[in-house]
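K.L.:
Here is how the chains run, residue by residue.
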Amino acid sequence: MSATDCEQQETGWGILEDLPGDPMIWVLIFSELAAFGLFLGAFVVARALQPAVFAAGQATLDPHLAGINTIVLVTSGWAAARATASARAGERARARSWLFGAMALGGVFIAVKLYEYAGEIASGNGLETSPFFTLYFLLTGFHLLHVGLGIVILAVVSPGGRAASVETGTAFWHMVDLLWVVMFPIIYLVHA
Amino acid sequence: MIQDRLDIAWIILIGLALAMLLVPPLVPRPLLANALLLTFAAIKGRRIVLDFLDLRSAPALWRGLVSAWVVTVVLFAWLASAIVALI
Numbered sequence: 017m018s019a020t021d022c023e024q025q026e027t028g029w030g031i032l033e034d035l036p037g038d039p040m041i042w043v044l045i046f047s048e049l050a051a052f053g054l055f056l057g058a059f060v061v062a063r064a065l066q067p068a069v070f071a072a073g074q075a076t077l078d079p080h081l082a083g084i085n086t087i088v089l090v091t092s093g094w095a096a097a098r099a100t101a102s103a104r105a106g107e108r109a110r111a112r113s114w115l116f117g118a119m120a121l122g123g124v125f126i127a128v129k130l131y132e133y134a135g136e137i138a139s140g141n142g143l144e145t146s147p148f149f150t151l152y153f154l155l156t157g158f159h160l161l162h163v164g165l166g167i168v169i170l171a172v173v174s175p176g177g178r179a180a181s182v183e184t185g186t187a188f189w190h191m192v193d194l195l196w197v198v199m200f201p202i203i204y205l206v207h208a
Numbered sequence: 328m329i330q331d332r333l334d335i336a337w338i339i340l341i342g343l344a345l346a347m348l349l350v351p352p353l354v355p356r357p358l359l360a361n362a363l364l365l366t367f368a369a370i371k372g373r374r375i376v377l378d379f380l381d382l383r384s385a386p387a388l389w390r391g392l393v394s395a396w397v398v399t400v401v402l403f404a405w406l407a408s409a410i411v412a413l414i
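For the record, the sequence lines run as chains A and B. Take any residue in the first sequence, note its place counting from 1, add 16, and you have its number in our numbering. Take any residue in the second sequence, note its place counting from 1, add 327, and you have its number in our numbering.
In isolation and in its complexed conformation, chain A is listed as follows:
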């Protein structure tokens, strides 16, 4: 038995130890990717079955607001990645500053998304308007909850600024970012 095998047996996480951050966050990340993957798959299948309903719903959305939010979230992801690099270099104060920037941009994403929801609801579109809007509000609302949770996680790991904690918090944040860059074209731009 090699030394690596012994270490992996001691921690109990096996090959998950090779990932950045706490292995537990990766269990969560893989679970979330599976759940969102199925959810997006359901959206795609529903659109294929009712293309006219989905095209009509999509036409009422504002892709420019979603585009702005994409830029906001990827910039937030960039700040979080810089925070990880700073934390690994032992620059805890700088890591905290980058994390604060990432959280602030996360707040901007939430504000823009709520503004977008307000416009859609004011136009008479709600959860029960059509299958498109049911899936749209559930998918984007579920993602929005994850943005909020991600900000809380970043706020928890921020004060210490330790590399392992920052890696754990930012891994979750990048997953939220990854989900959005895939969701954005599928919901707002792709036509059946």
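I should point out that these hints are in silico values taken from the structure, not numbers from a laboratory. One or more hints might be untrue.
Unchecked claim - Here are the simulated SDA-like cross-link-like pairs (lysine to any residue), alpha carbons at most 20 Å apart as the crow flies:
1. A:K129 to B:I341
2. A:K129 to A:F149
3. A:K129 to A:L77
4. A:K129 to A:H162
5. A:K129 to B:L348
6. A:K129 to A:P79
7. A:K129 to A:R104
8. A:K129 to B:P386
9. A:K129 to A:V168
Unchecked claim - Here are some of the chain A residues that sit facing chain B, going by a computed Cβ distance under 10 Å:
10. A50
11. V60
12. A82
13. G83
14. F149
15. F153
16. L155
17. G176
18. W189
19. L194
20. L205
21. H207
22. A208
Unchecked claim - Among the chain A residues that face chain B by a calculated CB cut under 8 Å, a handful are:
23. I31
24. P36
25. G53
26. L56
27. G57
28. A58
29. R63
30. T76
31. P79
32. T91
33. V172
34. P175
35. A180
36. D193
37. V198
38. I202
We put the beta carbon where it would ideally sit given N, CA and C, even for glycine.
On the provided structure of chain A, position chain B as indicated by the hints.
P.N.:
Relative to chain A, chain B alone:
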């Protein structure tokens, strides 16, 4: 330099996000437009996986697994739209 790599990834992500908004008005053919949009999404996802999530140096199993998730979702979305367009 890791900071340089992160900055380049960020610029690519911003550029592709802006390019995606230009695709629907500039590319009238839905099949081609969808293919472009979803290819851009896959490239963005790959950049996030490699540079932001930092799986570039992780074992190929994990890098491949998360990348496969991105490719599977966008490919499924494109195939579904292609089938509807061709029927």
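K.L.:
Against each hint, give a clear statement of whether it holds in the structure.
P.N.:
Structure-based check of each hint:
no.	hint	result
1	A:K129 to B:I341	19 Å, holds
2	A:K129 to A:F149	15 Å, holds
3	A:K129 to A:L77	12 Å, holds
4	A:K129 to A:H162	13 Å, holds
5	A:K129 to B:L348	17 Å, holds
6	A:K129 to A:P79	12 Å, holds
7	A:K129 to A:R104	33 Å, violated
8	A:K129 to B:P386	36 Å, violated
9	A:K129 to A:V168	18 Å, holds
10	A50	8 Å, holds
11	V60	5 Å, holds
12	A82	9 Å, holds
13	G83	5 Å, holds
14	F149	19 Å, violated
15	F153	19 Å, violated
16	L155	12 Å, violated
17	G176	19 Å, violated
18	W189	9 Å, holds
19	L194	5 Å, holds
20	L205	5 Å, holds
21	H207	5 Å, holds
22	A208	4 Å, holds
23	I31	7 Å, holds
24	P36	5 Å, holds
25	G53	6 Å, holds
26	L56	6 Å, holds
27	G57	6 Å, holds
28	A58	11 Å, violated
29	R63	7 Å, holds
30	T76	15 Å, violated
31	P79	6 Å, holds
32	T91	7 Å, holds
33	V172	19 Å, violated
34	P175	22 Å, violated
35	A180	13 Å, violated
36	D193	6 Å, holds
37	V198	5 Å, holds
38	I202	5 Å, holds
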